[in-house]
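Student: Taken in order, these protein sequences are the chains called A and B.
Mapped onto our numbering, the consecutive letters of the first sequence carry residue numbers 176 to 502.
Mapped onto our numbering, the consecutive letters of the second sequence carry residue numbers 809 to 1082.
Rather than coming from a laboratory, the hints here were simulated on the basis of the structure.
On a predicted model such as this, the values are computed, not experimentally measured, just so you know.
It cannot be assumed that every hint is accurate.
Unchecked claim - List time: in silico BS3-like cross-link candidates among lysine-lysine, alpha-carbon distance up to 27 Å:
hint: 1; chain 1: A; residue 1: K327; chain 2: B; residue 2: K842
hint: 2; chain 1: B; residue 1: K1025; chain 2: B; residue 2: K842
hint: 3; chain 1: B; residue 1: K842; chain 2: A; residue 2: K318
hint: 4; chain 1: B; residue 1: K842; chain 2: A; residue 2: K320
What the hints assert, rightly or not - Sample of chain B residues at the chain A side, in silico, Cβ under 8 Å:
hint: 5; residue: K842
hint: 6; residue: G867
hint: 7; residue: L919
hint: 8; residue: M1024
hint: 9; residue: G1027
Cβ coordinates follow ideal geometry from the N, Cα and C atoms, glycine included.
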Amino acid sequence: MNPTAATRPPTKAAIEARGLGKTYPGGIEAVASLDLVVPRGSIYALLGPNGAGKTTAVSMLTTLATPTAGQAWIDGLDVVADAASVRRAIGVTFQETVLDDALTGRQVLEFHGRLYGQSLRERRRRADELLDLTELTDVASRKAKHYSGGMKRRLELARALMTVPSVLFLDEPTLGLDPQGRARIWDYVRALRRTSDLTVLVTTHYLDEAQQLADRVGIMDAGRLVVEGSPDALIDALGSDTIRVRGRGVDEALDPRFAEVEYVESFTRVEGGFLVGVDSASRRLADVISRAADAGFSIDDVSVAKPDLGAVFFQHTGRSLREGAPA
Amino acid sequence: MNTTLTTEPTARATPGRPTSLAAAATIWRKHVGKFLGNAEELFGVIVQPILWVVLFGVGMRSAVAIGAGAGDDYVGFMLPGIVALSAMGGAIGGGMVWLDERVRGIVREYLVAPVPRLSILLGNVGSTLTKSLVQAFVIFIVGMLMGAVVRGDVVSWLLALVLLVGYAAGFSGLALAVASITDDLMAYHSMIMLLNLPVLFLSSALYPLSALPTWMKVGALANPTTYLVEGMRGTVLGGSSDLPLLLSLAVTSAFAVLGVAIASRAFAAKTKRG
């Protein structure tokens, strides 16, 4: 809380966290030690199962929660010591729909701009632009309670953009939307990125979206960032094809069976199975299975996939994201 | 998606930081706007005090042989009590607005905005006060139509306004404090309803202070309603007051400060960063 205690951020990134942690009273450690650097103008996707600490991390970065360890900066401003300036620089949408739905779409934007001290002219112009962008112009004078779920989400996105933030936080912005609604939200985010240097941090559990949209992806599990990189780099690291084996008997005995095998590009043991990245799954499948059997591993299920973020996620958390996804 | 969005830094540098008052005014404006746009609520807020004045005032006027201090103008006598009751109803409503915004998470929109926390409280108190003033105005008009004798000088009306603002702000603060502590609408209502009855009946709103038995008089003197009622009688109404005006002004003002202080503590605890 003491401004003089604030050290300068190490880089000029739009979002930066160093050892950021949050332990709630009672000892629940929601975020252990988060290091994050998001360069200006990029889209960063934070992935993770429920309870991984994504929302707590976002809450700290958006000044809603106070870190119990480490520091974080938005545009070089400390999220604790310079909270007021950080609030001015960011736009936020929350995981749940948070709308005063007795207001019309336009009133929601109007109120938000006024709350931030925007002038009448600025508010009007900005609201027009954003209603247009989010395709809500036709319903702008209808109360938000009559909006569909997708329209509400779009209005929230417009509201977050109302004050021309330099950093936009979207916590599960497409949660509960149908594929069409999801695609629309991402279309807008892509459009924004084409025309501005907006930095976006988004949490999502739709891996395909993160893969298509994000410049960088960080996977959180149990309060920690377990891996980070560009989606392509993370996927490439897995190999050309991925063979995913589930079963019983995972232990060290497997490791030597796959170590220094000429065609194995990656090998990861996870809870309840393992993942092998290979040059060609169709040619190597039989060999992989026999090697596993030799190690005393009893196989329940084998699947082959072109590597995607889902496989990356599985590799690093031992779970498929769907298991951890909210109901 | 061929829209071009404004991205030049000048648009980003929104001038100045909104002051407490500007942000409070924004929140006040939103609540009042919603109130004016809600026909049912508007109807209720206006009709309820009319019903009180007409039904209760007329009923009592014919039933009660007016005792000492009340004069023969019972409608005028009980007008301040109805004003107090309405102010309390308004405060309860204001607390509900806040509770609703908290429970639905709307409060987070304020919390991520660069506005001082105090302005959220002030905005809420302000919108509650506005409704109470509207109701008081309606009550006086109806009362006058029903024959209440009202005095006309500006100073008296300003003093009565000060009394009402203090009283309404105090109750608004208490209601907001309760609405900050509980997350449950039912619990909120039962806590508030507990207050409702003694606030009206254990005061000099419906009967003259001088006519009360001692134990009730003590209770009435501990109730801010008595000071609003007596103060109003001594300023804008024809009847006389049983208490000095300065005392009424002092007590209602102190009540306002107390109520808002309690609310601001409860607020601070609730809007603190987790």
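Student: Next step is simple, just say for each hint if it's right about the structure.
Tutor: Tested hints:
no.: 1; hint: K327(A) <-> K842(B); verdict: 19 Å, holds
no.: 2; hint: K1025(B) <-> K842(B); verdict: 41 Å, violated
no.: 3; hint: K842(B) <-> K318(A); verdict: 11 Å, holds
no.: 4; hint: K842(B) <-> K320(A); verdict: 13 Å, holds
no.: 5; hint: K842; verdict: 5 Å, holds
no.: 6; hint: G867; verdict: 37 Å, violated
no.: 7; hint: L919; verdict: 6 Å, holds
no.: 8; hint: M1024; verdict: 43 Å, violated
no.: 9; hint: G1027; verdict: 40 Å, violated
In this structure, the hints that do not hold are numbers 2, 6, 8 and 9, in rising order.
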